[in-house]
Amino acid sequence: MKNMARFYFDHASTTELDPRVKKAMEPYWEKKFGNPSSIYAEGREAKAAIETARKTIADLISARPEEIIFTAGGTESDNLAILGGVRGHRMSSRTSDVPTPHVITLKIEHHAVLRPIEELEKKGLIRAAYLDVDKNGLIDLAEFRKSLTENTILVSIGYANNEIGVIQPIAEISKIIRKFKKEIIFHTDACQAASYLEMNVQKLGVDLMAVNGSKIYGPKGIGFLYARNGIKLEPILYGGGQEKGIRSGTENVPAIVGLAEAFRLVQEQRKKESARLIKIRDFIISELQKKIPEVVLNGHPTKRLPNNVSLSVLNAEGESMVLYLDAKGIAASTGSACTSESLEPSHVIMALGLAFEYAHGSLRFTLGRKNTKKDAEYLIKTLPPIVEKLRQMSPAKFSRKK
Amino acid sequence: MKHKTTKADVEDKGANACWYYSDLVKEHFFHPRNFLKKDPGPGKFDAEGEVGNFKCGDIMRMWIKVEPKTEKIKDLKWRTFGCGPAIASTSAFSEMVLAKGGLSIKEALKIKPGEVVKKLGGVPSRKIHCSVMADLAFKKAVENYYKKAKK
Numbered sequence: 001m002k003n004m005a006r007f008y009f010d011h012a013s014t015t016e017l018d019p020r021v022k023k024a025m026e027p028y029w030e031k032k033f034g035n036p037s038s039i040y041a042e043g044r045e046a047k048a049a050i051e052t053a054r055k056t057i058a059d060l061i062s063a064r065p066e067e068i069i070f071t072a073g074g075t076e077s078d079n080l081a082i083l084g085g086v087r088g089h090r091m092s093s094r095t096s097d098v099p100t101p102h103v104i105t106l107k108i109e110h111h112a113v114l115r116p117i118e119e120l121e122k123k124g125l126i127r128a129a130y131l132d133v134d135k136n137g138l139i140d141l142a143e144f145r146k147s148l149t150e151n152t153i154l155v156s157i158g159y160a161n162n163e164i165g166v167i168q169p170i171a172e173i174s175k176i177i178r179k180f181k182k183e184i185i186f187h188t189d190a191c192q193a194a195s196y197l198e199m200n201v202q203k204l205g206v207d208l209m210a211v212n213g214s215k216i217y218g219p220k221g222i223g224f225l226y227a228r229n230g231i232k233l234e235p236i237l238y239g240g241g242q243e244k245g246i247r248s249g250t251e252n253v254p255a256i257v258g259l260a261e262a263f264r265l266v267q268e269q270r271k272k273e274s275a276r277l278i279k280i281r282d283f284i285i286s287e288l289q290k291k292i293p294e295v296v297l298n299g300h301p302t303k304r305l306p307n308n309v310s311l312s313v314l315n316a317e318g319e320s321m322v323l324y325l326d327a328k329g330i331a332a333s334t335g336s337a338c339t340s341e342s343l344e345p346s347h348v349i350m351a352l353g354l355a356f357e358y359a360h361g362s363l364r365f366t367l368g369r370k371n372t373k374k375d376a377e378y379l380i381k382t383l384p385p386i387v388e389k390l391r392q393m394s395p396a397k398f399s400r401k402k
Numbered sequence: 403m404k405h406k407t408t409k410a411d412v413e414d415k416g417a418n419a420c421w422y423y424s425d426l427v428k429e430h431f432f433h434p435r436n437f438l439k440k441d442p443g444p445g446k447f448d449a450e451g452e453v454g455n456f457k458c459g460d461i462m463r464m465w466i467k468v469e470p471k472t473e474k475i476k477d478l479k480w481r482t483f484g485c486g487p488a489i490a491s492t493s494a495f496s497e498m499v500l501a502k503g504g505l506s507i508k509e510a511l512k513i514k515p516g517e518v519v520k521k522l523g524g525v526p527s528r529k530i531h532c533s534v535m536a537d538l539a540f541k542k543a544v545e546n547y548y549k550k551a552k553k
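Residue numbers (my numbering), protein chains in the order written: chain A, 1 to 402; chain V, 403 to 553.
What the hints contain is simulated information worked out from the structure, not anything from laboratory work.
This structure is a prediction, so every number in the text was calculated from the model and none was measured.
It is possible that some hints are incorrect.
What the hints assert, rightly or not - With a cut-off of at most 30 Å between alpha-carbon atoms, the simulated DSSO-like pairs for lysine-lysine come out as follows:
#, chain 1, residue 1, chain 2, residue 2
1, V, K439, A, K290
2, V, K542, A, K389
3, V, K428, A, K328
4, A, K397, V, K550
5, V, K508, V, K471
6, V, K521, A, K290
7, A, K291, A, K55
8, V, K471, A, K397
9, V, K467, V, K514
10, V, K440, A, K328
11, V, K508, A, K135
12, V, K512, V, K550
13, V, K552, A, K328
14, A, K31, A, K291
15, V, K440, V, K541
16, A, K389, V, K471
17, V, K512, V, K502
18, V, K457, A, K397
19, V, K514, A, K397
20, A, K397, V, K476
21, A, K328, A, K244
22, V, K439, A, K328
23, A, K397, V, K541
24, V, K457, A, K291
25, V, K457, V, K552
26, A, K22, A, K290
27, V, K549, A, K397
28, V, K428, A, K389
29, A, K397, V, K502
30, V, K457, A, K122
31, A, K389, V, K552
32, V, K502, V, K440
33, V, K457, A, K389
34, V, K549, V, K439
35, A, K374, V, K520
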């Protein structure tokens, strides 16, 4: 057990740190430790490092350096976009009797997007629309167009979903928004997309975009929010006024340097790596469906991230499968109720219009840089007997044919 | 067989509740006792009972064979759909009932979920309510047994 090889298939959860990123960060722990706000040499050196990082990131997404705000990760970036965007709108309206602002999002969004929207809604500060997706997890553009109102101030739609990997047509959504009303803020959570997809904000047509380090072979606890010039954001943290006053707190210099280097590396390799992973992804999907009866793919078969395999294995419970896989050296995740904090099944799988049975039996394998076809073969060999055993143990015989 | 037990979190530590399972939970989960492999032929068991549903994510079914005079449980088999503790607790419960040549119905009905949890060296508390349901499945099977016996 101790020396068993591990097969890590949970890169949507987090990635290992790229050694090149670690190397880039190295000087900023001990040698170049200054506070970027200080005027003397140590401070200037740290300031230069974060400004270089800012420029690197801005260039990669065709933005201006001043449009990049460093945060403590994806959750903070999403919260800043939503809470900051809504509060910014309220602050900029001159009269007090403005109509309640309207926010649009999708039912399958990450909790870092849904929870702040729900909070604002509960407090009566906004009205919110949570749009359905189709059975493939894609937005219905006609329905989206219809949901836009005169009071809509913000739209938040994730670029690629964390559970089912489905990629939304961000540029098309942007065109629909702009045609309707120019001033609506369009935010996208791009945390899962950053390693594999086009991140040019001009092409995407977004005003706000959240990215974090821990999904792109960078450090944890760091991220950025792209905020187009002219978008009024109210801070959610107040203090020393760093990051143009939008995000107070001494900058996490080593992590910022690491984030920029990690983002540069994944973007540099994204096309080649995507092509490599798509082959392995599709191999796993087709082989597992061949070897295990009653397995369905969650999410669109091609409009999905190159590294995402999301399956529902009927009559086998997710947590049990994850534990059995773990014992065989495989790391994977599930949307089963049993593993969630709330003991509720995945809201994403449920939003696909499927029965509970599908969420309880959901399994997610997300590939990464070190995964090879050989790893995939091991997975394909290991999962079927586990499913067979659990199904043998199960009194339930749910069939999708029913 | 001797088991080394690690301390599992019996107490709920709130939002950061730990998901580690004790060695005993793992032992029962990976090597479940008394689960029903093949669908039983007629007369193999006297009664059966099921609890849970797909909505909550755990389903348990239990079959019992009873010695009519003594009302001793001669055999008990089960099937469970659910998480680690759901499977492990049913397995542990079946061992408790079948210990010493089988408890009587009356004795077996006295087994509380807490005793099953204890036998497993602890289960994360949030999981007890939804997963440790073997006693309820057993109760259903006993009801089914008496209903049949009356007829």
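Consistency of the hints with the structure:
1. V:K439 to A:K290: 24 Å, holds
2. V:K542 to A:K389: Judged against 30 Å, a Cα distance of about 25 Å means the pair holds.
3. V:K428 to A:K328: 14 Å, holds
4. A:K397 to V:K550: Within the cut-off at roughly 25 Å; holds.
5. V:K508 to V:K471: 13 Å, holds
6. V:K521 to A:K290: Between K521 (chain V) and K290 (chain A) the Cα gap is close to 40 Å, so the pair fails against 30 Å, i.e. violated.
7. A:K291 to A:K55: 49 Å, violated
8. V:K471 to A:K397: 35 Å, violated
9. V:K467 to V:K514: 21 Å, holds
10. V:K440 to A:K328: 26 Å, holds
11. V:K508 to A:K135: Violated - the C-alpha atoms of K135 (chain A) and K508 (chain V) are around 51 Å apart, more than 30 Å.
12. V:K512 to V:K550: 22 Å, holds
13. V:K552 to A:K328: It is violated: about 49 Å lies between the C-alpha atoms, which goes past 30 Å.
14. A:K31 to A:K291: 55 Å, violated
15. V:K440 to V:K541: Status holds; Cα separation ~23 Å.
16. A:K389 to V:K471: Violated: K389 (chain A) and K471 (chain V) sit about 36 Å apart, past 30 Å.
17. V:K512 to V:K502: 16 Å, holds
18. V:K457 to A:K397: 14 Å, holds
19. V:K514 to A:K397: With a Cα-Cα distance of about 29 Å, the restraint between K514 (chain V) and K397 (chain A) holds, given a limit of 30 Å.
20. A:K397 to V:K476: Distance ~27 Å between K397 (chain A) and K476 (chain V) Cα, so the pair holds.
21. A:K328 to A:K244: With Cα atoms ~50 Å apart, K328 (chain A) and K244 (chain A) exceed 30 Å; violated.
22. V:K439 to A:K328: Holds - the C-alpha atoms of K328 (chain A) and K439 (chain V) are around 23 Å apart, at most 30 Å.
23. A:K397 to V:K541: 23 Å, holds
24. V:K457 to A:K291: At roughly 27 Å apart (the allowed maximum being 30 Å), K291 (chain A) and K457 (chain V) satisfy the hint.
25. V:K457 to V:K552: 33 Å, violated
26. A:K22 to A:K290: With Cα atoms ~41 Å apart, K22 (chain A) and K290 (chain A) exceed 30 Å; violated.
27. V:K549 to A:K397: Between K549 (chain V) and K397 (chain A) the Cα gap is close to 26 Å, so the pair holds against 30 Å.
28. V:K428 to A:K389: 15 Å, holds
29. A:K397 to V:K502: 34 Å, violated
30. V:K457 to A:K122: The hint holds at about 27 Å.
31. A:K389 to V:K552: 37 Å, violated
32. V:K502 to V:K440: 25 Å, holds
33. V:K457 to A:K389: 22 Å, holds
34. V:K549 to V:K439: 26 Å, holds
35. A:K374 to V:K520: 42 Å, violated
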